[in-house]
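Asker: Residues per chain are reported as follows:
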Amino acid sequence: MNIVVCVKQIPDPADPGALDPETKTLKRDVKLILDESDSYGVEMALQLAGDEGTVSLVSMAPNSEVGGLRTALAMGAESAVLVSDDALKGSDALTTAKVLAAAIAKSSPDLVIAATESSDGYTGTVPEQIAALMDLPSVTFAKEIALDGGTAKVKRQTESGYDSVECPLPCLVSVTAGVVEPRYPSFKGIMAAKAKPVEEVTVADLGLDAGSVGWAGAGQEIVSIEDAPAREAGEVIEDEGDAHERIVAFLDELKVL
Amino acid sequence: MNRNVYFTDELQAIYDQTVTFVENEVVPHGALWEEAGKVPRDVLKRMGALGMFGLRIPESLGGVGLGAIASAAFAEGLGASTFGGFEATTLVHTDMASPHLVHSGDDDQLAEYLPGILTGETITAIAISEPDAGSDVAGVRTTAARDGDGWLINGAKTYITNGVYAELVIVAARTDHDNRYGLSMFLVDRDTEGFEVANKLDKTGWRCSDTAELTFTDCYVPDTKLLGTEHRGFYEVMKNFQNERLVLVCMGVGAAQRAIDMTLDYAQNRKAFGATLYDLGAIRQRLAMRQGELDAVRASMYHCAWLMEQGVDATKEVSGLKAFGAELVNQIMYDCVQFHGGMGYMTETAVERMSRDARILPIGGGATEVMLEEVAKRSYAS
Ligand SMILES: Cc1cc2nc3c(=O)[nH]c(=O)nc-3n(C[C@H](O)[C@H](O)[C@H](O)COP(=O)(O)OP(=O)(O)OC[C@H]3O[C@@H](n4cnc5c(N)ncnc54)[C@H](O)[C@@H]3O)c2cc1C
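So the sequences go chain by chain: G and F. Just so we're aligned: the first sequence equals residues 1 to 257 in the numbering used here. Just so we're aligned: the second sequence equals residues 1 to 382 in the numbering used here.
Hints are computed from structural coordinates only; laboratory data are not their basis. Predicted model, so just to flag it, every value in this text is computed and none were measured. Heads up, none of these hints are tricks.
Some, not all, of what chain F presents toward chain G, calculated at C-beta under 7 Å: (1) Glu10; (2) Ala13; (3) Ile14; (4) Leu50; (5) Gly51; (6) Val64.
Backbone N, C-alpha and C define an ideal beta-carbon position, used for all residues, glycine too.
One chain only, chain G, in its complex shape:
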């Protein structure tokens, strides 16, 4: 079982930096870490691969960044492919998918795992675009994956419960955050990660044309950005014996009861 996990390296949400007013995108020249959304995919992959399978990583990031990859390698992944190229600056979701698809295609995985959406971009479209570009079946919102011969059996989160879906391998599954507990990297894992192979490739190495990626190839434009409206102060209900009735009335008004 050969599993590839797409992992994004993002600015630390605890210290996210700023938006570039010119490009209206997040500045990424700071130290990047493993997107927590992807730690669930890495954990699922490690559990599915067990002792026999292999888990490798694919990431696209500026400045040859490997900080987040090292974390996933320390968790137990075996190797990584990093696509880093100045030409990729300004890439939109579809371009990202094209690049990742080309990087994934370097190996022939039985299963590709991605997160439902990244914590910094939130387009939530890249996994399905990768699947379409690679002509793979895809299952979204997975909360559980089991492998049975050539089939992936997936429990797919829905609003009211879950769907049971079966899908032939190879396929792409995007997983929901919080569905497994990502392991802590062990101290030995952290030391071993240093020696694990990270292959850095450029756009040209992947056989892509620099003019079709980055700002040049973007079919999507961020027109404007605005601050989220400030949160309004809540209403404090002092209990004078009727607090429960007032809370019920309040919820009633919101039509949530």
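Given the coordinates of chain G, assemble chain F with the ligand onto it according to the supplied hints.
Answerer: Coordinates of chain F with the ligand only, in the frame set by chain G:
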């Protein structure tokens, strides 16, 4: 970029990982452990499984094989737990007790004990202090007398961290009565006949760390339990003192940083005199000065760790660090309680507990006055 010149990417990851672990696994539960007077063994075993007990154990023996800088990073990271008792439980095992076995153990002893030490099945304690011998290590009165193929240990130890629940206690006992420094070290298993936990001690702070008074009554151990060279125990004990002092300061620095952060947070939200506490110059300036002092101690502690890794004698530097660092941590805790006002005196407030936990730092592992004598001795030609 790492902000610490002594950190490799891996050491930074070890530090970050330690902080994440204590934030998730210790902070939410520590209050219950304080009441119970112990750290649950399953938590220690989880730490073992993550390799947290093997930083200083050579790779060839199953450990991670790192040096004093890694200990410093680990101890500082543990300090973020805000529970000094948890930090002491861990660091006595990893950096104060088990290193004696690593330094002085023979192959059989290493093979017998290290696997359990790494996993947390075997927690260790170091028993040097006695009712009549603390700062003066050479004043140890517990004796070990030859008895056939082994030794009979008699005496009492006190203030022994991990002493109540440890599986392995490393004991310093007098074997040579003609020489003031004639001590030897012994490996005493918890179920050895004649060895008893006489008392579980009640303390001001470090309340989730178990501290014991131990007695040895004709406690027989075979020759295979002699650790290191007969009569050379004093020097073997001394070998690890710099490391012990270093990590005590490091855990204190980690805790003091958390205390400052929590106090900044409190001061910025607490309204008084039409503004926040933080808007009062006196508070802002004092916290800023404490931050500066803490940053200086942090730099010094990694420098000391680096000196130790170079294999040079850093007794003067480490003693100075222990004296100044432990006192500073207490001053910081005092200020943090002060700026929390009445809230700082309430047991529900973390800095209240942290100020109690900090009080032992200038006493244990070499009192401030003893440390200053070590610096003084090395500062002026006699
Ligand atoms: C919570 C806790 C945990 C501990 N854990 C352990 C453990 O795991 N193993 C272990 O062996 N011990 C342990 N100890 C013991 C600790 O190391 C001793 O308490 C410490 O060494 C001081 O010894 P003492 O208490 O006998 O004080 P004393 O030696 O009686 O000293 C009392 C005071 O006198 C002053 N003083 C002493 N000597 C000098 C000097 N030469 N010059 C100037 N002033 C001096 C200092 O102010 C000192 O604080 C622990 C103690 C505590 C409280």
